[in-house]
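Visitor: Sequence:
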Amino acid sequence: MRKADLVTAISEKTGVAKVDVLVTLEEFFKAVKNSLAGGDNVYIRGFGSFVIKRRKKKIGRHIKRNVSIDIPEHYIPSFKPAKVFVEHVKGNVDHLPDDESED
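In the numbering used here, the protein residues as written are 4 to 106.
Keep in mind that the hints were calculated from the coordinates and are not lab data. Hints are supplied without guarantee of correctness; some may be wrong.
Claimed, not checked - With beta-carbon atoms standing in for the labels, derived distance ranges:
| # | residue 1 | residue 2 | range |
| --- | --- | --- | --- |
| 1 | E29 | R68 | 32 to 42 Å |
| 2 | S38 | K86 | 33 to 43 Å |
| 3 | D23 | K60 | 38 to 48 Å |
| 4 | P75 | F50 | 42 to 52 Å |
Claimed, not checked - With a straight-line Cα cutoff of 20 Å, these simulated SDA-like cross-link-like pairs (lysine to any residue) come out:
| # | residue 1 | residue 2 |
| --- | --- | --- |
| 5 | K86 | Y46 |
| 6 | K33 | F53 |
| 7 | K36 | Y78 |
| 8 | K60 | P75 |
| 9 | K6 | F50 |
| 10 | K59 | H77 |
The C-beta atom is built at its ideal place from N, Cα and C for all residues, glycine as well.
Take these sequences, add in the hints, and give me the full structure.
Guide: Here is the structure:
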């Protein structure tokens, strides 16, 4: 499902105009990004948590030049689904298409 599909589904379900749904969705995304960039996690009960994870400094390898490079400490966003979310997906997914299944 793409963002356009999500906007259409929400619009049809709620009766709100697509443009209003799109603006609301974009503001939600912006609020989550700004919160994480500011160092605050976002917790949505029943859905999940958008959290910041710290990656320690490490040494990597540039394969083409065969040299070691320092990868500095950095932070990445992560999503951890709520238990209710996980259980809902587990109970309702029949199967995944071949190209989307995990090996």
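Visitor: Indicate, hint by hint, whether the structure satisfies it.
Guide: Results of checking the hints against the structure:
no., hint, result
1, E29 - R68: 32 to 42 Å, "holds (41 Å)"
2, S38 - K86: 33 to 43 Å, "violated (22 Å)"
3, D23 - K60: 38 to 48 Å, "holds (45 Å)"
4, P75 - F50: 42 to 52 Å, "violated (32 Å)"
5, K86 - Y46, "holds (13 Å)"
6, K33 - F53, "holds (13 Å)"
7, K36 - Y78, "holds (13 Å)"
8, K60 - P75, "holds (5 Å)"
9, K6 - F50, "holds (18 Å)"
10, K59 - H77, "holds (7 Å)"
Violation of the numbered hints given earlier is confined to hints 2, 4; the remaining hints are satisfied by the structure.
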